[in-house]
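There are 2 protein chains.
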Amino acid sequence: MHQGRCVNLLEQPLDRIRQWLASFDTIISDCDGVIWLGDNVIEGAVDTMRQLKRLGKQIYLCTNNSTRTRQQLYEKAHNMGFDIDADHIISSSYATAAYLKARNFQKKVYVIGTAGITDELEAVGIKHTGVGPDIMSGRLTAYIKSGFRPDTDIGAVVVGFDVHFSFCKMIKASVYLSDPKCLFLATNIDERFPITGMVIPDAGSIVRTVQTCTAREPVVIGKPNRSICEWLIKSGRIEPARTLMIGDCCGSDILLGRNCGFQTLLVGTGVNQLSDVNVWKKSCDPEDKKLVPDVYLPRLADLLALI
Amino acid sequence: MHQGRCVNLLEQPLDRIRQWLASFDTIISDCDGVIWLGDNVIEGAVDTMRQLKRLGKQIYLCTNNSTRTRQQLYEKAHNMGFDIDADHIISSSYATAAYLKARNFQKKVYVIGTAGITDELEAVGIKHTGVGPDIMSGRLTAYIKSGFRPDTDIGAVVVGFDVHFSFCKMIKASVYLSDPKCLFLATNIDERFPITGMVIPDAGSIVRTVQTCTAREPVVIGKPNRSICEWLIKSGRIEPARTLMIGDCCGSDILLGRNCGFQTLLVGTGVNQLSDVNVWKKSCDPEDKKLVPDVYLPRLADLLALI
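Taken in sequence, the protein lines are chains C and H. Counting from 1 along the first sequence, just add 1061 to a position and that's the residue number in my numbering. Counting from 1 along the second sequence, just add 1061 to a position and that's the residue number in my numbering.
For reference, chain C alone in the conformation it holds in the complex (with noise of 0.2 Å):
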């Protein structure tokens, strides 16, 4: 009813708000920056998730964070206190594995990354390398020789978060994508993220290295590509134009909605603010204009008192 103007909720009557309320069935919800704030809870998220649920909401959180599966998404939420059902979690791991099982996959995965990861695919029977160290003891030129043997059934290589990424994993990733049939899948490019006070390299930029070294294009499954609800829309779990996407940050999920066709809600509890908004609402370009959402709230919980 708003697209892409990023209407403040707040400022709208009554009569307006019930209408938009009652536009979806399916919420999709980022979580760091909307629902919490690494491991504190976002004051009133808890209230204002159980009363939408209330109203008949289906609602589904959503993060292109790979180093937990879903099962310890789950966990997490539940701990909160969000009445979440557990196979109601996307993450960018479960839908990396989701992605690979959907087309039949059979051979193995060299994975850059977490158990987060391997835990999904294993989930779906899927075979994989292993995470963990991977470390050069000698010279490159004894590694080439003799440190590294390929294995010849991979087919597809992962890369995510990975606090090991190192150059042997660089190497790897290397030799196994110069075969031109080998997938190179991305669970996010998410670039970098604050950590009390330090800037911490993320997936998008161990991905960036991956892509330099082996001069491939990767399938980016996470926020804002579509492949991570597509599991979800393909089942006919959800009705996109009935589905709403909620969250802080809106190159990755406002974008998402946009790119789904998803009515969007931003909150200004996380990475973006209304002066953002303004400034691509003014824009020329059209890349710029994807990133303004329908509607504005500053808080999750402002909705709690428009419900």
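Keep in mind that the hints were calculated from the coordinates and are not lab data. Please note that a few of the clues may not be correct.
Taking lysine to any residue pairs in the SDA-like style, the calculated list, with each CA pair at most 25 Å apart, reads [what the hints assert, rightly or not]: (1) H:Lys1168 with C:Gly1258; (2) C:Lys1168 with H:Gly1258; (3) H:Lys1206 with C:Asn1101.
Ranges between beta-carbon positions, derived for each pair [claimed, not checked]: (4) H:Ser1198 with C:Gly1191: 12 to 20 Å; (5) C:Ser1207 with H:Val1185: 36 to 44 Å; (6) H:Arg1287 with C:Arg1066: 44 to 52 Å; (7) C:Arg1164 with H:Val1340: 31 to 39 Å; (8) H:Asn1339 with C:Cys1345: 37 to 45 Å; (9) H:Met1259 with C:Gly1191: 17 to 25 Å; (10) C:Arg1079 with H:Gly1208: 51 to 59 Å; (11) H:Met1259 with C:Ala1184: 43 to 51 Å; (12) C:Gly1322 with H:Thr1213: 46 to 54 Å.
Values in this document were obtained by computation on a predicted structure and should not be read as measured data. Every residue gets a Cβ at the ideal spot worked out from N, C-alpha and C, and that includes glycine.
Starting from the known structure of chain C, fit chain H onto it as the hints suggest.
Below, chain H alone, put in the same frame as chain C:
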């Protein structure tokens, strides 16, 4: 005399060749693909260089390889039979140290690279953090809390080829480069190189990661950037218009020549062939035109018959 026309010297009359030979006093030659291939000298290269020196040409060798010091490169050339002065070696690591020295850099350098870089820094009295493995033993949260104390004296991050490249190094570079006053230098940005059928990621792949996770652009020292020859030109040791750049790779060697105002000669014993040049000649993109050398020879040794 043939600027950017890629004249095949073998097809020129003798008086034109003599005229061309008299048009330069200095030769700067790339190494790999021109005078050697890995550990093997290219046939006729030693004799050709000796003859050019007899004609009174001063000869420099220039390489983007940052893993060896000038002294090590000198020894390699010397052992193969090349009669080159030790201070006529131009390497990206030496030029990186020279760049910092010329700017009176007084702080400490965080190095992602090899002793090829740190030895050159030490030679000009610049402090650094050392090189080698740097791996995460515990969890990321523990590492952030207690595993890494930034060195407050760091004033530059230098990135080159490093088989011990790791996620910890990505974090450190991110932290140091979050200070806009901290310099960001790349020895070179070659993306990959082939070894015995394998594709090995080169410094450019590592630099790209650091660019992505820091959102900073590096000063690139290596070819085709002028910086690698800056110290040579500024000291008045060579006259650019009377200098011939010889190389096998147009994007690196020939473009360096163009960027420095040198004459250029492409030899066909390495990366690029005449067929590549013919494509660029016909291109409408001015950037492609810059890749076209002045003259061409199949092999460096072909010069011997023309002298």
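Status of each hint after checking the structure:
{"no.": "1", "hint": "H:Lys1168 with C:Gly1258", "result": "23 Å, holds"}
{"no.": "2", "hint": "C:Lys1168 with H:Gly1258", "result": "23 Å, holds"}
{"no.": "3", "hint": "H:Lys1206 with C:Asn1101", "result": "18 Å, holds"}
{"no.": "4", "hint": "H:Ser1198 with C:Gly1191: 12 to 20 Å", "result": "18 Å, holds"}
{"no.": "5", "hint": "C:Ser1207 with H:Val1185: 36 to 44 Å", "result": "38 Å, holds"}
{"no.": "6", "hint": "H:Arg1287 with C:Arg1066: 44 to 52 Å", "result": "50 Å, holds"}
{"no.": "7", "hint": "C:Arg1164 with H:Val1340: 31 to 39 Å", "result": "36 Å, holds"}
{"no.": "8", "hint": "H:Asn1339 with C:Cys1345: 37 to 45 Å", "result": "40 Å, holds"}
{"no.": "9", "hint": "H:Met1259 with C:Gly1191: 17 to 25 Å", "result": "22 Å, holds"}
{"no.": "10", "hint": "C:Arg1079 with H:Gly1208: 51 to 59 Å", "result": "53 Å, holds"}
{"no.": "11", "hint": "H:Met1259 with C:Ala1184: 43 to 51 Å", "result": "33 Å, violated"}
{"no.": "12", "hint": "C:Gly1322 with H:Thr1213: 46 to 54 Å", "result": "51 Å, holds"}
Of the numbered hints listed earlier, the single one contradicted by the structure is hint 11.
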